[in-house]
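Asker: Spelled out from the first residue to the last, the chains are:
Number of protein chains: 2
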Amino acid sequence: MTSEQLYETYKTKMQKIADVKFSSAVLQWDQETYLPPQGAAIRGKQIATLSEMGHSLFTEENTGSILNELFSRDDLDEHQKRNVSLSLVDYERDKKLPPSFVHRLSETTNNSFHAWMQARRENSFSVFEKPLTAIIDLKKQQADLMGYADHPYDALMDEFDKGITVKKLDALFENLRPKLSTLIDKIKTAPQIDDSFLHLHFNKQKQWDLGINLLKAMHYDFDAGRQDISEHPFTIHFNSRDVRITTRIDENNLSNMVWSCIHEGGHALYEQGIPADEYGLPLGECCSLSIHESQSRLWENCIGHGRNFWEFHYPELQKLFKYQLEKVNLNSFYKGINKVRPSLIRTEADEITYHFHVMIRYELEKKLVEGSITTADIPAWWNEHYHKYLGVIVPNDKDGCLQDVHWSHGSFGYFPTYSLGSLYAAQFYSKMLETNSGMEHNIAEGNTIDVWKWLQQHIYQHGRYYNSEELCRQATGESLNTDHFIAYASAKINDIYNL
Amino acid sequence: MTSEQLYETYKTKMQKIADVKFSSAVLQWDQETYLPPQGAAIRGKQIATLSEMGHSLFTEENTGSILNELFSRDDLDEHQKRNVSLSLVDYERDKKLPPSFVHRLSETTNNSFHAWMQARRENSFSVFEKPLTAIIDLKKQQADLMGYADHPYDALMDEFDKGITVKKLDALFENLRPKLSTLIDKIKTAPQIDDSFLHLHFNKQKQWDLGINLLKAMHYDFDAGRQDISEHPFTIHFNSRDVRITTRIDENNLSNMVWSCIHEGGHALYEQGIPADEYGLPLGECCSLSIHESQSRLWENCIGHGRNFWEFHYPELQKLFKYQLEKVNLNSFYKGINKVRPSLIRTEADEITYHFHVMIRYELEKKLVEGSITTADIPAWWNEHYHKYLGVIVPNDKDGCLQDVHWSHGSFGYFPTYSLGSLYAAQFYSKMLETNSGMEHNIAEGNTIDVWKWLQQHIYQHGRYYNSEELCRQATGESLNTDHFIAYASAKINDIYNL
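One line per chain: the protein sequences are A and B, in this order. Position in the first sequence (first residue = 1) + 232 = the working numbering. Position in the second sequence (first residue = 1) + 232 = the working numbering.
These are computed hints drawn from the structure, not numbers from a lab. It cannot be assumed that every hint is accurate.
One copy or any two copies: either way a pair holds, since identical chains are not told apart in the list.
Each computed SDA-like pair below joins lysine to any residue, with the alpha-carbon atoms no more than 20 Å apart [claimed, not checked]:
no.: 1; residue 1: 418; residue 2: 624
no.: 2; residue 1: 243; residue 2: 332
no.: 3; residue 1: 245; residue 2: 333
no.: 4; residue 1: 559; residue 2: 428
no.: 5; residue 1: 559; residue 2: 236
no.: 6; residue 1: 253; residue 2: 289
no.: 7; residue 1: 448; residue 2: 269
no.: 8; residue 1: 599; residue 2: 665
no.: 9; residue 1: 448; residue 2: 267
no.: 10; residue 1: 420; residue 2: 731
no.: 11; residue 1: 245; residue 2: 331
no.: 12; residue 1: 663; residue 2: 676
no.: 13; residue 1: 685; residue 2: 507
no.: 14; residue 1: 243; residue 2: 673
no.: 15; residue 1: 448; residue 2: 466
no.: 16; residue 1: 554; residue 2: 454
no.: 17; residue 1: 418; residue 2: 727
no.: 18; residue 1: 245; residue 2: 289
no.: 19; residue 1: 399; residue 2: 318
no.: 20; residue 1: 685; residue 2: 517
Computed from a prediction, not measured in an experiment: that's the story for all the values here.
Hey, can you work out the whole structure from these sequences and the hints?
Answerer: Here it is in structure tokens:
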């Protein structure tokens, strides 16, 4: 077989596997948006079957033979070579998990998702304890099956950002923590900011319309996506021409919808920008979940919490919610939406204290995976550390250790990507401004096309060609450097708190 | 292996196949309701992959070995035996189609669906001609692969109602046609009925709410289903606890929504009533599409176009649409909704002329499949026969041979089930009334639980245990007998037209 024919065989097989994987994603999307209550039981089994089938197809001997043969050919072009070598890495990794394990993990997480929902409704961690223990056991098994040099948690984080380790993260957080604490200490001495106007009553339909308009202003393509309502906002794609987002609307909290829309919109722009003709192949995938998060954070924080963005959008917001906002000027609005205050809920946290939420989960997950604490210890450990690091008293499990969906999805090792994403975002944004002198001015005039172009050129189009580290260097000329975030955050804090 | 273990192996495998099949159904539902325009291309491939995988899984040697071994065991109970023997019939049938054929058929029909949509938009059959020819070629191949004794069309109808043949249907329609013509001739001499009030303006949201209420009154379970909007109303299920329907709303035509809701509701009640624990097995499936159609027709026509049903619901309808209906009394409403008039569009046809629409399509499909006419001949043949049998002039392709979605789905041999369904419905309804003296009175009081109970007992709970013929005998004591429909239709016509 010529290399061209063999590559075509590889591509056809990968696309078939993608068909199965993304079919499963459609079932998941439906589960979170429109599934009638009694449909849940069988739905979990259907998703588990597809997970197992996709996994079996990819890990069968035949895939390995094709990949190894292609890897030995020297007449592939650069992109083809990259696809093949990345697929080979994935193959070697996935082969370590038996199909039955994948099926069990999928079914266990699905059941556990419903247990988590119930635990939240009943505000009781004990309802979730047993299913969570089952997941943690499977995750430990997974780490052992995958293998690791230093820490079992490394094997799990590898799924979300290749090459991230406990060693690297410990160092990174050690460096970040005191700098963030310094910022927070400074703020404590400054007068408090009023953000009460964000908690008046905001009509649901009007909020929905506003969200759609913000997404359009970001250049989210509604012909290749849609927005729906779900309990927890998320972005999901079935190919780069069908990238969907969800939001939630709280009539007593405008922030919830506005920044969830912008956040998910940032994720979605990334997926819509990945080359459609690489469907099913590594170059048709994102770089890593840290970089994915950088895309949502860049939009949500650097742009969407910036003064320039609202320079243009605030007058229309004031018009929409005349009664609530007519007496709040742009400066007060800008300060209100950036108020720093240690809080209970990660997704509602400000940009500074946010990292403490992530660090607490990171420490906790490490301990659970290494077995130095057990599932039953979670609530007490959680509450103790929220008090220690954020100074807040956790009043109940729902607003404490039950607040995040990730564990019920089996996602251990995911949280660190949230901090990494914010750090990358600040670094990308700083570079973007440095090389586009008119960008801030354009944003203030409602024109974000320069942002989209920069991201398309430096991030989107590359798919998984580079890893996080390489992509960062390619885009900014240096490795991840937390100074950019600290500089960005300090400037904003000094401005807002008149420090 | 004990028979019990072997049966469990069979069941597990069948459920896995069902997971794949119903995952594909979720993708189809999504395609018709929420898919963004650019998502269509890859979606077709995803559905084709799942179709092929489900088919391959079922038709692999291993399934045959399990089934043949189980078939030879004599220690299975009656239900288990029936499941096994029906699965064996399906296996022998499906094995005749190579997986590559199934994949090609799925992809071809998916492309052709989009061509049909475009042809309708452009009101031009020629846009659809080539894709339709490709489908007809595949259908001829399918008939040859399946095999048949007399006519290739028999092999295709077998998919929808086992045992139906051209010979039987020709005889049935020969018998029915003159009786229907006699009824229509009688009506021509009677004064015309006014139904113009159905074509006033009816607010969309109010229509939606009305539809939901009608479905609730039918005992459709919204915890195990939901309703959405699509271009063409349909019912689809992913298991008996997730049975979804769609409707469409035309603000200038109240009938469209009302009877599509009741029709799809009838289909959905059937699926919701099929035993959930037989998921993936033949006894967890419907008897046939003719019987399925009897369930929608019974609700839509016998009940939903009956005086008793509106005795209860009309006052609430009048209250909802005061301006449009306050001067229309129940009797005028009842006459209006049952007006007989030859027309262009099958789905809007009255109960009598409806059968001519089916007979025309039946004749046409036979000719296309046997090759006595070609795709290019369709529009002329169609227009000629609409004039000949219904006396109507077809003004364009959109309202002529492009009106139905079925061919683009690859459904040849499906239309006869529409007439058969109506005939079975009249026979079931007649039996139901005969054995429940209070039923009509209860319907007039808004209580249809007796109807549901009768259908649950005689139809729903049996799944595919009986074939259409056996089920009909079991439920009514005799085989399909068109006299029941003629008696039902004559009585209604005499009443309405004061004949």
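Asker: Evaluate each hint against the coordinates.
Answerer: Consistency of the hints with the structure:
Taking the shortest alpha-carbon separations for residue 418 and residue 624, only the intra-copy value of 18 Å comes in at or below 20 Å, while the best inter-copy value is 84 Å. Taking the shortest alpha-carbon separations for residue 243 and residue 332, only the inter-copy value of 18 Å comes in at or below 20 Å, while the best intra-copy value is 26 Å. Taking CA atoms no more than 20 Å apart as the test, residue 245 paired with residue 333 passes between copies only; the shortest distance there is 18 Å, against 22 Å inside one copy. In the homo-oligomer, the alpha carbons of residue 559 and residue 428 lie at most 20 Å apart inside one protomer (12 Å), although the nearest pairing across protomers, at 54 Å, exceeds that limit.
In this assembly of identical chains, residue 559 and residue 236 lie within 20 Å of each other by CA distance neither inside one copy nor across copies; the values are 66 Å within and 75 Å between. Taking the closest pair of Cα atoms, residue 253 and residue 289 come within 20 Å of each other both inside a single copy (11 Å) and across two copies (17 Å). With identical chains, the CA atoms of residue 448 and residue 269 are at most 20 Å apart between copies only, with a shortest distance of 16 Å across copies and 33 Å within one. Neither within a single protomer nor between protomers do residue 599 and residue 665 lie at most 20 Å apart by alpha-carbon distance, with minima of 40 Å and 69 Å respectively.
In this homomeric assembly, residue 448 and residue 267 come within 20 Å of each other (Cα to Cα) only across copies, at 18 Å, whereas the closest approach inside a single copy is 28 Å. For the identical chains of this complex, residue 420 and residue 731 are intra-copy neighbours only, at 11 Å inside a copy versus 91 Å across copies, given an alpha-carbon limit of 20 Å. Taking CA atoms no more than 20 Å apart as the test, residue 245 paired with residue 331 passes in both settings, with 18 Å inside one copy and 15 Å between copies. Taking CA atoms no more than 20 Å apart as the test, residue 663 paired with residue 676 passes inside one copy only; the shortest distance there is 18 Å, against 74 Å between copies.
For the identical chains of this complex, residue 685 and residue 507 are intra-copy neighbours only, at 15 Å inside a copy versus 55 Å across copies, given an alpha-carbon limit of 20 Å. Proximity of residue 243 to residue 673 under the C-alpha cut-off of 20 Å is found in neither arrangement, the shortest distances being 44 Å within a copy and 65 Å between copies. Taking the shortest alpha-carbon separations for residue 448 and residue 466, only the intra-copy value of 18 Å comes in at or below 20 Å, while the best inter-copy value is 32 Å. In this assembly of identical chains, residue 554 and residue 454 lie within 20 Å of each other by CA distance neither inside one copy nor across copies; the values are 28 Å within and 39 Å between.
In the homo-oligomer, the alpha carbons of residue 418 and residue 727 lie at most 20 Å apart inside one protomer (13 Å), although the nearest pairing across protomers, at 88 Å, exceeds that limit. In this assembly of identical chains, residue 245 and residue 289 lie within 20 Å of each other by CA distance both inside one copy and across copies; the values are 8 Å within and 17 Å between. With identical chains, the CA atoms of residue 399 and residue 318 are never at most 20 Å apart, being 24 Å at best within one copy and 60 Å at best between copies. Taking the shortest Cα distances, residue 685 and residue 517 sit within 20 Å of each other inside one copy (19 Å), while across copies they are farther apart (53 Å).
In terms of the numbered hints stated before, the structure departs from hints 5, 8, 14, 16, 19, listed from lowest to highest.
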